[in-house]
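Asker: Two chains, two frames, some hints: make the complex.
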Amino acid sequence: MQALFSFDFSIIFSFQSIFFICLGVVLGLLVGALPGLSASVGVAVLLPLTFTMEPLHAVLMLAALYAAAEYSGSITAIILGIPGTASAVPIALDGHPIAKAGHPGRALGYSLTAAALGGIFGALVLLLLTVPLARIALRFSDPEIFLLALLGLVSVVGLGSKDIPKSIISVLLGLLLATVGMDVFTGMPRFTMGTFTLMEGLSLVALITGLFAFSEIFNMSQGDLGKRHVTDAKNLRVHITWAEFKGVFKNIVRGSVIGTIIGIIPGLGPTVGSWIAYTEAKRTSKNPEKFGTGEPNGIVAPESASNAVVGGALLPLLTLGIPGSATVAVILVALLIHGVQPGPRVFIEQPDLIYGIIWGYLLANIAMYVIARFTTAQSARLLTIPTYALLPVVFMAALIGSYGARSGNMFDVAMALAIGCVGYFVRKLDYSFPAFILAFVLGSLLESSLRRSLMISQGSFDIFFTRTYSQIVIGLIVLVIASSVYSQWKKSRAAKAGGAE
Amino acid sequence: MAARRPLELDKMSYKLASYVSLLFFFAIGLAFFLAASAMPDGDGYDVGPAFFPRIMSILMMATAVIGMVTTWRKSQDSHVEISKPFQLLATIGVAVAFVALWTLTGQFLPLSFLAVAVLLHLLNPQPMSRGKLIKTLTISAIVVAVFYVVFDLLLGLRL
Numbered sequence: 001m002q003a004l005f006s007f008d009f010s011i012i013f014s015f016q017s018i019f020f021i022c023l024g025v026v027l028g029l030l031v032g033a034l035p036g037l038s039a040s041v042g043v044a045v046l047l048p049l050t051f052t053m054e055p056l057h058a059v060l061m062l063a064a065l066y067a068a069a070e071y072s073g074s075i076t077a078i079i080l081g082i083p084g085t086a087s088a089v090p091i092a093l094d095g096h097p098i099a100k101a102g103h104p105g106r107a108l109g110y111s112l113t114a115a116a117l118g119g120i121f122g123a124l125v126l127l128l129l130t131v132p133l134a135r136i137a138l139r140f141s142d143p144e145i146f147l148l149a150l151l152g153l154v155s156v157v158g159l160g161s162k163d164i165p166k167s168i169i170s171v172l173l174g175l176l177l178a179t180v181g182m183d184v185f186t187g188m189p190r191f192t193m194g195t196f197t198l199m200e201g202l203s204l205v206a207l208i209t210g211l212f213a214f215s216e217i218f219n220m221s222q223g224d225l226g227k228r229h230v231t232d233a234k235n236l237r238v239h240i241t242w243a244e245f246k247g248v249f250k251n252i253v254r255g256s257v258i259g260t261i262i263g264i265i266p267g268l269g270p271t272v273g274s275w276i277a278y279t280e281a282k283r284t285s286k287n288p289e290k291f292g293t294g295e296p297n298g299i300v301a302p303e304s305a306s307n308a309v310v311g312g313a314l315l316p317l318l319t320l321g322i323p324g325s326a327t328v329a330v331i332l333v334a335l336l337i338h339g340v341q342p343g344p345r346v347f348i349e350q351p352d353l354i355y356g357i358i359w360g361y362l363l364a365n366i367a368m369y370v371i372a373r374f375t376t377a378q379s380a381r382l383l384t385i386p387t388y389a390l391l392p393v394v395f396m397a398a399l400i401g402s403y404g405a406r407s408g409n410m411f412d413v414a415m416a417l418a419i420g421c422v423g424y425f426v427r428k429l430d431y432s433f434p435a436f437i438l439a440f441v442l443g444s445l446l447e448s449s450l451r452r453s454l455m456i457s458q459g460s461f462d463i464f465f466t467r468t469y470s471q472i473v474i475g476l477i478v479l480v481i482a483s484s485v486y487s488q489w490k491k492s493r494a495a496k497a498g499g500a501e
Numbered sequence: 001m002a003a004r005r006p007l008e009l010d011k012m013s014y015k016l017a018s019y020v021s022l023l024f025f026f027a028i029g030l031a032f033f034l035a036a037s038a039m040p041d042g043d044g045y046d047v048g049p050a051f052f053p054r055i056m057s058i059l060m061m062a063t064a065v066i067g068m069v070t071t072w073r074k075s076q077d078s079h080v081e082i083s084k085p086f087q088l089l090a091t092i093g094v095a096v097a098f099v100a101l102w103t104l105t106g107q108f109l110p111l112s113f114l115a116v117a118v119l120l121h122l123l124n125p126q127p128m129s130r131g132k133l134i135k136t137l138t139i140s141a142i143v144v145a146v147f148y149v150v151f152d153l154l155l156g157l158r159l
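Chains as they are written, first to last, in the working numbering: chain L, 1 to 501; chain Z, 1 to 159.
Keep in mind the hints are simulated off the structure, nothing from the lab.
Each hint should be verified, as a subset may be incorrect.
Subject to a maximum C-alpha distance of 30 Å in a straight line, what follows is the list of computed BS3-like cross-link-like pairs (lysine-lysine) [as the list claims (entries may be wrong)]:
hint	chain 1	residue 1	chain 2	residue 2
1	L	162	Z	74
2	L	250	L	100
3	L	496	Z	74
4	Z	84	Z	74
5	L	428	L	290
6	Z	15	Z	74
7	L	162	L	496
8	L	246	L	290
9	L	491	Z	132
10	L	100	L	246
11	Z	11	L	162
12	L	246	L	162
13	L	491	L	246
14	L	496	Z	132
15	Z	11	L	428
16	L	286	L	100
17	L	286	L	250
18	L	290	L	250
19	L	162	Z	15
20	L	496	L	286
21	L	428	Z	74
22	L	286	L	490
23	Z	15	L	428
24	L	162	L	428
25	L	162	L	100
26	L	290	L	491
27	Z	74	L	491
28	Z	74	Z	135
29	L	496	Z	11
30	Z	15	L	491
31	Z	132	Z	74
32	Z	84	Z	135
33	L	490	Z	135
34	L	496	L	428
35	L	490	Z	132
36	L	490	L	428
37	Z	84	Z	132
38	L	162	Z	84
39	Z	84	Z	15
40	Z	132	L	428
So here's chain Z without its partners, still in its complex pose (with noise of 0.2 Å):
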């Protein structure tokens, strides 16, 4: 049986990993260019409110092709790996799915422990049984309890 290949994602060459990364912030200081040539640039010796932010995109856009140039003259290439693309992208998306329920719920209380106990079980490599599941609640709760006594009973801050 032939060996499984990984997936492509979870090794990505550095050298490509680096353009896509200088492309985005070189994107990101073209926006600010952008937006900034639609303020006013001050009069006479007033300096405006876009004199500051329009040096920086420039700036930015150059150190991004400057970065991209480095990079290229780089002999050596080597890999920016994910060891474990599941557990990330289960992580990211237990975070996800938990910000946007509490934005649209306003429940953190419970939104909390079920966020905490499906991070914890995901997380857990040990194999699915009774013990885990009451050790994961157990957990959950206790986690949940702490939290919601410092910070809502005793500091004040509404959860």
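Chain L on its own, in the form it takes in the complex (with noise of 0.2 Å):
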């Protein structure tokens, strides 16, 4: 813990790391507020940019990128009642009647605050708590990883999923895919058709490109191509007085806690964080009627937990090196790429990385408040650019990314463009992308964890039971595959129920 406030801070803010902070709020706050573009598309089509940096300056622009574009997702929902992501949804219920009621700057206001503060707790959690944990990582061996990055797939599966068996496929795919190339323990090839190509493995970047990028500019090209939202600039400025924050801190808090919590667990994200807490303020409040018709809590609750879901699903990232979503994902790619494996390890080879990061993100959401609140008014201008013209941009930055990620490889192009029109056909019916990326990420991790605690154990799989850590670890897999049981019963009783009547 010393070692974190001991840290060399004229790293973070130095010229080039306040520079690309600075640039990953902007292009967040861009891609967030262009229609149809979410967090996930918007760093699996940036991650070109971060090939040639440092690693430090790589994570932190895509980590301030995050946040950004989770904030901006919700002017959309708020000016126009359209909710850009689907973590916007619950906000738009509240923040369109304060905007149709000619305020829409207090509710940009009450969102920018709520998204800001979020963002902060979620950083100082992952500050506090990242030290703690990583030292307790650094006791797991073998069986551990094995079934942390299991835990990891079951609650993608369990928790996040609308069709069990598609999303088990997905994961299956996932790990499958995730074999192919040359073993490490044997430098056996696998799967590789004869192809030095292959022998690397696939191109995670390839495979983000592809379903995050191509399959989106497909599913843009069913959309209302030449649409302009016409945006009235009239009361953008985003502000709100001390009254009307300290009548929302509450729920403010109360959606930070939610959005920590529900980052920390992968597979669940954004969406489920801002619906939890909408419910939870709604549940909670006095005036439970005034939900849906303008009231501010419903905007704040939503809007925090959304950004405290960024810092919560870096925790296990980088104590673990298990992505706590997709996004995050992306942002373990971005390390990746640069030869560094987050994990407890990291904290000792690369001290100065890590703080750089956790620190650098809380840097990132007070640079997030101050930009938005000066451009947010420019963002919303953004809605009047057409999806026709959007298109061709997403097309050659996607082409880029898969091109640039392993030095020009043509392979990985045609493979991304493939896996994009595979992508968007499967979205259609409910195959989980999260899943299928998690899934390839932890691939080598689950196998090269389980073959070697099975060659420890000599082939015995006691080993995954007799320890105190895994069998803490197998509680929380139970844990997680009763709630997933319990809540398809409960869906399908109430079917039952609904279709009886």
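Answerer: Written out as structure tokens, the structure reads:
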């Protein structure tokens, strides 16, 4: 913990660090405000910008972009009543009525204040918990690492899926594709079809670009391509008074706590966080009937939760090397490209990098508040850009991203395109992209820890059940499965009751 | 005059599309299983390279079968719609042609200008006019130039 505070702050207060944080914030505000683009698409599309950067700057820019895009996704929700992202749906319920009543700046003020405080809360939790958690993680051996990776995958299937068999298939496909390439234990090529290109395995950047960027391009081609959302710049001054702030403070804190916890659990993400926070704010309100008609607490609770999710999701990434969401998996890629493997060892080997990310992320949230306060009106004007003009920009970024990740590999470009085509169709059938990406990212970790554990135990599976930490993780896995089974049972009971009526 | 029947491909039963996709993933599982069967199992307590992919492929085939059963048991069906099949096919077609030509010729800049211009032209719903053409060519030139300057000149990614 001492190292965290004796960190050389000149690293994050350098011109370059501040420049990349501000660039990330500005790009995030633009991406989030553009119709049809979400934080995950933005992070995937802008990943190629980080190829030549220092790892710290790369992660700070992407994390700042992620946080800012989560906030600016609410701009369309508030001004137009059209949520830019799924997590902004509850924000539209109360934000748009306030905007329609002639106070869009006030609604955006609630939204921005909650987003910044939620993000800062997530960053503080990251600051306080990473070192103790990393210390515990250092005691983990292969059986615990295997079980933790399994917990991540079970969570993403059990808690965040519409169709469980299809989510399991998404996970298994990710795990299978992760085995393509040279086997690290024996050096034997697996599923390479005799080509050298596949010896290194499939490119994660190509997979992410295909799933998030190319499939989004095909999806955007189905929308209203010429539509321009006309916005009124009147009353767009983002501001709330001290009295208004005091009236919503409790729900900002509540939303931040919920968001951080949801972020730590792999697979849930900002949408689940914002809905739980909204429901909780409504449940505990003295005037629940006001929700949906322009209640400020209905804006701040989901907004603070969806931004606190980012800090929460960075926690398992930095301490265990397990990303909490698909967007954080892209941030992991930015580190891997520079040869940095996150996990407890990195705190010993590269402390400046990890502490730099943590402090820098805190700074990014403050920068987001300052920059967004003065540029939200300009971001809102981006809504006038028609979709057909955005499409070629995303197309070019996707091409360059998949091409540049492994120094001009045309196979990766073709693969990204093929995956984008398949991804477009399977997305309509409720297969889970986050589950697939997390499984692909965790695949080699899962396999190597499983094989090493079995070698240590001479083939006995007892090794997974006899150690204290393993037993705790198994308990968590059982808990996640039980809660998933319970929620499925509740859903089917409700459906049957609805059918009977 | 009778109303025009929509293309069958643009509106497919969700259940049917699910069966097709599950069969596709079953086939992928089978392909991995067969390929893994040709790999060594490992000796003694050593776990070989076939161990993990074989288990995953068996689980994938089994889950695909379970998925088919759960899909069959669903009482309600819906439609998977492709509202603008022409735009979708045109976008995929331009992307595929661009990647194929780029691989063959290595000419990124002229091809990307062409691809962006064709995409803009096809997807812009405004009627054809000189103004639309000039706008298309201008936006294409700006997009390609910005990407070239940022990625090739500034970031050193040779395009």
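Asker: Would you mind marking each hint as holding or not holding in the structure?
Answerer: Status of the hints after comparison with the structure:
1. 162/L x 74/Z: holds, 14 Å
2. 250/L x 100/L: holds, 25 Å
3. 496/L x 74/Z: Holds. Residue 496/L to residue 74/Z sits at ~12 Å (cutoff 30 Å).
4. 84/Z x 74/Z: Judged against 30 Å, a Cα distance of about 28 Å means the pair holds.
5. 428/L x 290/L: violated, 35 Å
6. 15/Z x 74/Z: holds, 9 Å
7. 162/L x 496/L: holds, 17 Å
8. 246/L x 290/L: Holds, at roughly 18 Å.
9. 491/L x 132/Z: violated, 51 Å
10. 100/L x 246/L: This hinted pair holds, its Cα atoms lying about 23 Å apart.
11. 11/Z x 162/L: holds, 21 Å
12. 246/L x 162/L: The hint is violated at about 38 Å.
13. 491/L x 246/L: The given pair, whose Cα atoms are some 38 Å apart, is violated under the 30 Å limit.
14. 496/L x 132/Z: Roughly 55 Å between the alpha carbons, so the hint for residue 496/L and residue 132/Z is violated.
15. 11/Z x 428/L: At roughly 12 Å apart (the allowed maximum being 30 Å), residue 428/L and residue 11/Z satisfy the hint.
16. 286/L x 100/L: Within the cut-off at roughly 24 Å; holds.
17. 286/L x 250/L: Distance ~13 Å between residue 286/L and residue 250/L Cα, so the pair holds.
18. 290/L x 250/L: holds, 17 Å
19. 162/L x 15/Z: holds, 15 Å
20. 496/L x 286/L: violated, 33 Å
21. 428/L x 74/Z: holds, 17 Å
22. 286/L x 490/L: holds, 28 Å
23. 15/Z x 428/L: holds, 12 Å
24. 162/L x 428/L: holds, 12 Å
25. 162/L x 100/L: violated, 34 Å
26. 290/L x 491/L: holds, 27 Å
27. 74/Z x 491/L: Answer holds: residue 74/Z to residue 491/L is near 14 Å, not above 30 Å.
28. 74/Z x 135/Z: The given pair, whose Cα atoms are some 50 Å apart, is violated under the 30 Å limit.
29. 496/L x 11/Z: The hint holds at about 28 Å.
30. 15/Z x 491/L: Holds, because 20 Å separates the two Cα atoms, which is no more than 30 Å.
31. 132/Z x 74/Z: violated, 49 Å
32. 84/Z x 135/Z: holds, 24 Å
33. 490/L x 135/Z: Violated - the C-alpha atoms of residue 135/Z and residue 490/L are around 55 Å apart, more than 30 Å.
34. 496/L x 428/L: holds, 25 Å
35. 490/L x 132/Z: violated, 55 Å
36. 490/L x 428/L: Roughly 25 Å between the alpha carbons, so the hint for residue 490/L and residue 428/L holds.
37. 84/Z x 132/Z: holds, 21 Å
38. 162/L x 84/Z: Holds, at roughly 26 Å.
39. 84/Z x 15/Z: Within the cut-off at roughly 21 Å; holds.
40. 132/Z x 428/L: violated, 33 Å
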